[in-house]
Amino acid sequence: MDVWSIPQAIGDTSSQFNILEHVGLFFNPVIMTVLISVFAIILGFGLGIVGGLARVSRLRLVRVPATAYVDVVRGTPLLVQLFLWYFGLTIGLGVAMDPLVASIIAVGVHSGAYQSEIVRGGVNSIPKGQEEAARATGMTHLQAMRFVILPQALRLILPPLSNEFVIVIKDSSLASVIAVVEITAMAGQLNGTYFQPFEIFIFAAFLYLCLTYATSFMMRALERKYHIPGYGDRR
Amino acid sequence: MSEVLLEAKELKKEFQVPVKTEGRFRRLFTRKRYDVLQVLKGVNVKIQKGEVVVVIGPSGGGKSTFLRCINRLTEPTSGEVYFEGVKIAGESPVNRFALNEGGLWALIGGVIGLMVGLIFLFDVSLLAGLAFGTGLVPFLPSPYIIGFLVIAFAALGIESALGSYEKTLAGALMVISGLAMLFILETIPTAISAALLFIGGIRVLRRGRIKARDTPGSSDINEVRSHMGMVFQSFNLFMHLTAKRNVMLALEKVRGMNAQEAEARALQALTQVGLAEKANSHPGELSGGQQQRVAIARALAMDPKVMLFDEPTSALDPELIGEVLDVMKRLANSGMTMIIVTHEMGFAREVADRVLFIDQGVIAEEGTPEEFFGNPRNERTRQFLRRLFAEQRAEVPDIQPVGTGRATP
Chain A
249 MDVWSIPQAI GDTSSQFNIL EHVGLFFNPV IMTVLISVFA IILGFGLGIV
299 GGLARVSRLR LVRVPATAYV DVVRGTPLLV QLFLWYFGLT IGLGVAMDPL
349 VASIIAVGVH SGAYQSEIVR GGVNSIPKGQ EEAARATGMT HLQAMRFVIL
399 PQALRLILPP LSNEFVIVIK DSSLASVIAV VEITAMAGQL NGTYFQPFEI
449 FIFAAFLYLC LTYATSFMMR ALERKYHIPG YGDRR
Chain B
15 MSEVLLEAKE LKKEFQVPVK TEGRFRRLFT RKRYDVLQVL KGVNVKIQKG
65 EVVVVIGPSG GGKSTFLRCI NRLTEPTSGE VYFEGVKIAG ESPVNRFALN
115 EGGLWALIGG VIGLMVGLIF LFDVSLLAGL AFGTGLVPFL PSPYIIGFLV
165 IAFAALGIES ALGSYEKTLA GALMVISGLA MLFILETIPT AISAALLFIG
215 GIRVLRRGRI KARDTPGSSD INEVRSHMGM VFQSFNLFMH LTAKRNVMLA
265 LEKVRGMNAQ EAEARALQAL TQVGLAEKAN SHPGELSGGQ QQRVAIARAL
315 AMDPKVMLFD EPTSALDPEL IGEVLDVMKR LANSGMTMII VTHEMGFARE
365 VADRVLFIDQ GVIAEEGTPE EFFGNPRNER TRQFLRRLFA EQRAEVPDIQ
415 PVGTGRATP
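In order, the protein sequences belong to chains A and B.
Under the working numbering, the first residue of the first sequence carries the number 249, and numbering increases by one thereafter.
Under the working numbering, the first residue of the second sequence carries the number 15, and numbering increases by one thereafter.
Worth flagging that the hints you see were computed from the coordinates, not collected in a lab.
Among the hints, erroneous ones may be present.
As the list claims (entries may be wrong) - Label-pair ranges, simulated between beta-carbon atoms:
#1 His241/B x Gly478/A: 25 to 33 Å
#2 Asn392/B x Gly478/A: 42 to 50 Å
#3 Asp234/B x Ser305/A: 20 to 28 Å
#4 Ala329/B x Arg468/A: 33 to 41 Å
#5 Lys343/B x Arg394/A: 33 to 41 Å
#6 Glu299/B x Ala469/A: 18 to 26 Å
#7 Arg468/A x Gly288/B: 32 to 40 Å
#8 Asn372/A x Asp331/B: 29 to 37 Å
#9 His241/B x Thr338/A: 58 to 66 Å
#10 Gly369/A x Lys343/B: 42 to 50 Å
#11 Asp234/B x Tyr479/A: 32 to 40 Å
#12 Gly342/A x Val33/B: 53 to 61 Å
#13 Arg394/A x Gly288/B: 27 to 35 Å
Just so you know, even glycine gets a beta-carbon here, dropped at the ideal spot from N, CA and C.
Pulled out of the complex, with its shape left as it was, chain B reads as follows (with noise of 0.2 Å):
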């Protein structure tokens, strides 16, 4: 129980809203321009193996962005996630530039812009140009590797077919033409922060592909996802394939099982929610409860190692809630480490081990169900449980039983 099985250290997102310009020139020649919107402002959490956690908050606190940081589906803006003592996403301390797309094909263009040019105006050996160009190669990501070659190939094209006269032509052309991609106004500070870093010779990484290298295992973020299963809160289901599909499809595609391994597992997955007997219906003939449970199901198929849950239930009609918790709960007392966001407090009283409360973007509050419940020391963690508790005893007149109570904010 005490082997830290993920851990996030500062994590923190921040959202770039747009500032509507008016008119389409204006937002040509001008800089767009961003407000920031703080969901999550620095979250550090250390989950151990075999450990239920339960995240719950008001709306809008950064419960589901959290969750969605630690497989990345949303990428932290910045801090740290490692699972199994690898780190999985992070920025490493140059990314503080924060190159952004545009930024980045900007500089590329820009660079091999200027080389071909220079090559054709000054009659540089192209041989030394391409040599230039090639030594930017380990700098960029692979997608844009692939660009290189063809407009490097393209140059020795253009190069074996042009005289002179076009050549410096050609030549003067795309030198102006590479400023002024290094130039466009909007990218200006990140292509010269860019171009700094490739002066001082720094690794630049695009936002969102780092890797660590240095630590053990893998950090191939897909790989990494198949070892986390992920529920959706509105199910999410591929609705072209029948229930048993849709639990083989990772197990054939990423785990690379052939049809039977895949579909024994998928069976055994779906009676381990109950549902083998519906294998071959679609999505849309099935409850939302039992499309819930379909979703559980997939994510379990992978083996994976830890469970995220991301407000399972919130999408269900009362009577369905039920069914679906009790696969949770039979799923939290066989061991699996389990991160559950969810408005529902009886439950969360019943089968977390810690209980985290996520409020304005950090942890407001953390302890053990008991402690959670029984004495809140924070004042918005007191005043979330009133209101959630008055709002049930005015929707449920008797003590409702744990697992069953509706509770949203």
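Extracted from the complex, chain A is given alone in its bound form (with noise of 0.2 Å):
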């Protein structure tokens, strides 16, 4: 008996496989991971801000722990901070964690460890003579932050940010292994039943390269939507 004989010999179930009639069942896990990448987008992006412009702060205070943020949670891996978020408040402490919540906050907070640094590059990029021409006008230095060198900031971390965007949207697979049934689990579930692996794991890719490639394309729109004439230019 060859290799190749070896899926007929645990069950011929390849001829009458076909992974299109079952689509339907990926209906509610695509949904499962569009909310945990929407909303870890989100939470992520607030960190990001937030984080980004407390490690530019003049104040230690301030800047210290952003920077404490950044590094604990970039170097730990993800996998180990989805666990505590989930077992470790649900089991340890005794905080019911419901497995959706605590893989978006997971997954949200890692992202905006690395959006942190992202925005934090983006305000250094911009020179600063915008903000002293800001601060001579008479706005204070959280109106020049805000009307001024956030608004140009955001425009070049556009790039770096649709790849952290795409980022997310892989690393919410992870959230399979703690029972929230998004497009992996559903995929294992479905390998578990029919093993076939191939076609529903290509199946499974295919969908996550749909969702990224939806990113990619409304960040590249967005990039379009607020270019700047005659600034920023290289083509």
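Could you fit the two chains together into a complex? Lean on the hints.
The following block contains the structure:
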């Protein structure tokens, strides 16, 4: 018996199995993945803006905690953090955690650390003269940040942010290990039933690709929309 | 013409240039050392309302620093600036201790740590401890008060949650950390001097937040800056906004105008500099000269009482300098008070009511343009002018029309 006939020996289902007949099963899992990704992106973006600004603050009491957050969160595996947020809180501390909420928090907080660094880089890349000009007209530091520095920095960091958003979508697959039935978990379950890993995981990958491509596409549209005429062109 | 608008007294600026020490750990355990670079060494000047003062001098002489000290984009080390009789920059006598931020933090952290620690250790009434801490509040600049309150509330929480054994332990730890913070090597001198000031009951002010309460009028620096227009060498237009929005931003956010008022005022200011038709262009689509004129409009729209120009034409191509100088000339003729740092000698000669020559951190010579260019008394001035005109003659063979001669050292 050669290798190629093993699947047949286990149970020849390939002739009957068609992933397209099971697409309906993926409806809820896709929604789960989208939920985790969207909320994690929102949470991460919020943390990123706050953390990034805190990291460039002149006050040490603000700067140091933000640096610690970035270093700790960025320096530990997301899977471990996910276990901490879910098992650590639920079993360890007795705080009832919904697996969906736990994965949103874990992925969001993780992404927030990376986004803080992206935001910090963006803010630092805006020339000092911009803030000086704003301050010279009588704006406060915060006003200058909000109306002059951030609008420019956010435009600059759109490409790395779209990177990060795509990563968040892919990282959401880790939620499958704490029993959130999203795309990867569904694919795993289906595979357990039919043992057709190739078709099933190709299909799962295709679903992720659709989501990530849609994200990249939207981010590029944003870049075009907020493009400043005569500024930052390389084309 | 006799009303004094701006006055600088003994304005000094030192830049601290850190001396590089080898290795991370050396820096952690030793006090940072600085070299002092004296840029301004005591500048005294009075500027009348409506006066046009041109500041010239060799590069690195302190011209720009002088200008930036006036609206405190650069914080003067010592000396005072008065704007309409109100002190807007200056040191109180106690401030020679010059608290740096690190020192202040160490001090506050130390005091709070000690306070909470003692409360826990000896079971002093929490209220008594908090009262001691609260007594410090009037001495602290506002950002620190928030931090203090947070810690105070945290202490309250800990107090109610802990048993006596843990409390003692926590108290000991806090006393130790409080002492440690007070005696961080880097900050001993400032922390001690600040502590002495506290004990003496003298009001300690953070550097740069000096307010003159006894004089009438406002001395909030943001408010003051909104009455001083500033034009930069590198334009510094807000790159993401159109010309019109550049002008409108401060009108809306600082002056609190609504969009229509601001837009009307912005268009008026842009018309004044001859750029109404470029209102909807972004800075990236404008030439350097046009950008600088928008920057002038941005400053002008705020109805400033004085305009500060920091080498407004140095970053421009020679053929674009003229349009900017024209706008400035019109402004000067309209009676605007102006302080202009420039290398345009022809322009200086034409518009200046008074010329200041700043060299090596002091005003080496001042006078009317006729005196100054015709008969300079100071040897340094003579040298400077000779070199400048020699260069100009080499560059432009004919006697150039006034205001277009380009002269950079």
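So, going through the hints one by one against the coordinates:
Look at His241/B against Gly478/A: about 32 Å separates their beta carbons, and that is inside 25 to 33 Å. Range check, Asn392/B to Gly478/A: Cβ separation about 46 Å, and the 42 to 50 Å hint holds. At about 21 Å, the CB distance of Asp234/B to Ser305/A agrees with the hint of 20 to 28 Å. As the Cβ distance of Ala329/B to Arg468/A is approximately 34 Å, the hint placing it in 33 to 41 Å holds.
Between Lys343/B and Arg394/A the beta carbon distance is about 36 Å. The supplied range of 33 to 41 Å therefore holds. Between Glu299/B and Ala469/A the beta carbon distance is about 23 Å. The supplied range of 18 to 26 Å therefore holds. Between Arg468/A and Gly288/B the beta carbon distance is about 39 Å. The supplied range of 32 to 40 Å therefore holds. Take Asn372/A and Asp331/B: their Cβ atoms lie about 30 Å apart, and the range 29 to 37 Å holds.
Between His241/B and Thr338/A the beta carbon distance is about 60 Å. The supplied range of 58 to 66 Å therefore holds. For the hinted restraint 42 to 50 Å between Gly369/A and Lys343/B, the CB-CB distance of approximately 43 Å keeps it satisfied. A beta carbon spacing of about 33 Å between Asp234/B and Tyr479/A agrees with the range 32 to 40 Å that was offered as a hint. Roughly 55 Å separates the CB atoms of Gly342/A and Val33/B, a value that falls within the hinted 53 to 61 Å.
Distance hint for Arg394/A and Gly288/B: a CB-CB separation of about 31 Å, consistent with the stated range 27 to 35 Å.
Violated hints for the displayed structure: none, as all numbered hints are satisfied.
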